[in-house]
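**Q** With the sequences and hints as input, model every part of the structure.
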Amino acid sequence: DTAVSQTPKYLVTQMGNDKSIKCEQNLGHDTMYWYKQDSKKFLKIMFSYNNKELIINETVPNRFSPKSPDKAHLNLHINSLELGDSAVYFCASSQAVQSTDTQYFGPGTRLTVL
Amino acid sequence: EDKVVQSPLSLVVHEGDTVTLNCSYEVTNFRSLLWYKQEKKAPTFLFMLTSSGIEKKSGRLSSILDKKELFSILNITATQTGDSAVYLCAVEKGNNNDMRFGAGTRLTVKP
Chain A
652 DTAVSQTPKY LVTQMGNDKS IKCEQNLGHD TMYWYKQDSK KFLKIMFSYN
702 NKELIINETV PNRFSPKSPD KAHLNLHINS LELGDSAVYF CASSQAVQST
752 DTQYFGPGTR LTVL
Chain B
1063 EDKVVQSPLS LVVHEGDTVT LNCSYEVTNF RSLLWYKQEK KAPTFLFMLT
1113 SSGIEKKSGR LSSILDKKEL FSILNITATQ TGDSAVYLCA VEKGNNNDMR
1163 FGAGTRLTVK P
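In order, the protein sequence lines correspond to chains A and B. If you're matching positions, the first sequence starts at 652 in this note's numbering and goes up one per residue. If you're matching positions, the second sequence starts at 1063 in this note's numbering and goes up one per residue.
If you are wondering where the hints come from, they were derived from the structure by calculation, not from laboratory data. One or more of the hints may lead you astray.
Said to hold, decoys possible - Derived pair list, reagent style DSBU-like, types lysine-lysine, alpha-carbon separation capped at 30 Å:
| id | chain 1 | residue 1 | chain 2 | residue 2 |
| --- | --- | --- | --- | --- |
| 1 | B | 1119 | A | 692 |
| 2 | A | 673 | B | 1102 |
| 3 | A | 722 | B | 1065 |
| 4 | A | 691 | B | 1155 |
| 5 | A | 692 | B | 1099 |
| 6 | B | 1172 | B | 1155 |
| 7 | A | 718 | A | 673 |
| 8 | B | 1130 | A | 722 |
Claimed, not checked - Coverage of chain A stretches by chain B, computed from C-beta distances (three or more under 8 Å per stretch; other residues unrestricted):
| id | stretch |
| --- | --- |
| 9 | 694 to 707 |
| 10 | 720 to 728 |
Claimed, not checked - From chain A, some residues computed to sit far from chain B (all C-beta separations above 12 Å):
| id | residue |
| --- | --- |
| 11 | 688 |
| 12 | 689 |
| 13 | 731 |
| 14 | 734 |
| 15 | 743 |
Glycine is no exception: its CB is placed at the ideal position from the N, C-alpha and C atoms.
**A** Dropping the structure here:
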């Protein structure tokens, strides 16, 4: 069974559109994350939620809005998409919010903005 | 089904020891293998390997890929307490940077 899943896998859209990426984990974890992977393969954290509450909100444009309807889901909504938003976005989860907890990653969503 | 398996799952050593972390994979349309070090928030990128037999080195860390036997190792020599972290292996497949992460190896280096 897939532990951390993301939908869609690929997303191609036009500049200015609004889109959402969904993430679900079936591990019973309390904490979920969104990362953006840049062209050099660096992973930059965007948001972290613990039990549906926002814990980390790094310097991310406010066009990006995470939503956690329950602790098993963390969705990422992006308004007014820009070319620079093109990247692979990874969702992850961990048991708790401690920095030593192992994070389990989803397969990624490749977003292409034309 | 794609698989990325890391071993051991956890490892405790003393400062000065040398450790070898393993990552084996079974994926279709392999593109590259990446190693990350996860300490606090975001995993830190270490290496990307695409060719067999070419060692990549960064200080006390080195890594090599074997595309025939489908595995990679990450070596850390003269370990220090600051090396304590979870080390993640990830495999890129296809042309669209589709990635699969392993579950990680938790390394603890004791003084």
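**Q** Look at each hint and say if it fits the structure.
**A** Tested hints:
For the hint pairing residue 1119/B with residue 692/A, the CA-to-CA distance comes to about 17 Å; that is within 30 Å, so the pair holds. The straight-line distance between the Cα atoms of residue 673/A and residue 1102/B is roughly 24 Å, inside the 30 Å bound, and the hint therefore holds. Distance restraint check for residue 722/A and residue 1065/B: the Cα-Cα separation of roughly 26 Å lies within the 30 Å cut-off, and the hinted pair is therefore satisfied. For the given pair, residue 691/A sits about 16 Å from residue 1155/B by alpha-carbon distance, which is consistent with the 30 Å threshold.
Note on residue 692/A and residue 1099/B: the hinted pairing holds, with a Cα-Cα distance of about 13 Å set against a maximum of 30 Å. As the CA atoms of residue 1172/B and residue 1155/B are separated by approximately 36 Å, the hinted pair breaks the 30 Å bound. Pair hint residue 718/A plus residue 673/A holds up; C-alpha atoms about 9 Å apart against a cutoff of 30 Å. Annotation: proposed proximity of residue 1130/B to residue 722/A is violated, straight-line Cα distance about 41 Å (limit 30 Å).
Here's how the stretch 694 to 707 of chain A fares: 5 of its residues keep a CB closer than 8 Å to some CB of chain B, so the rule of at least three is met and the hint holds. With a cut-off of 8 Å between beta carbons, the stretch 720 to 728 of chain A has 0 residues touching chain B; three or more are needed, and the interface restraint is violated. Here residue 688/A does not stay apart from chain B, with its beta-carbon only about 8 Å from theirs, under the 12 Å limit. Once the 12 Å rule is applied to beta carbons, residue 689/A is inconsistent with being away from chain B; the minimum gap is 9 Å.
The Cβ of residue 731/A sits about 24 Å from the closest Cβ of chain B, beyond the 12 Å cut-off, so the non-interface label holds. For residue 734/A, the requirement that its beta carbon stay farther than 12 Å from each beta carbon of chain B is met, with the minimum near 17 Å. With 12 Å as the threshold on Cβ separation, the claim that residue 743/A sits away from chain B is violated: the shortest Cβ distance comes to roughly 8 Å.
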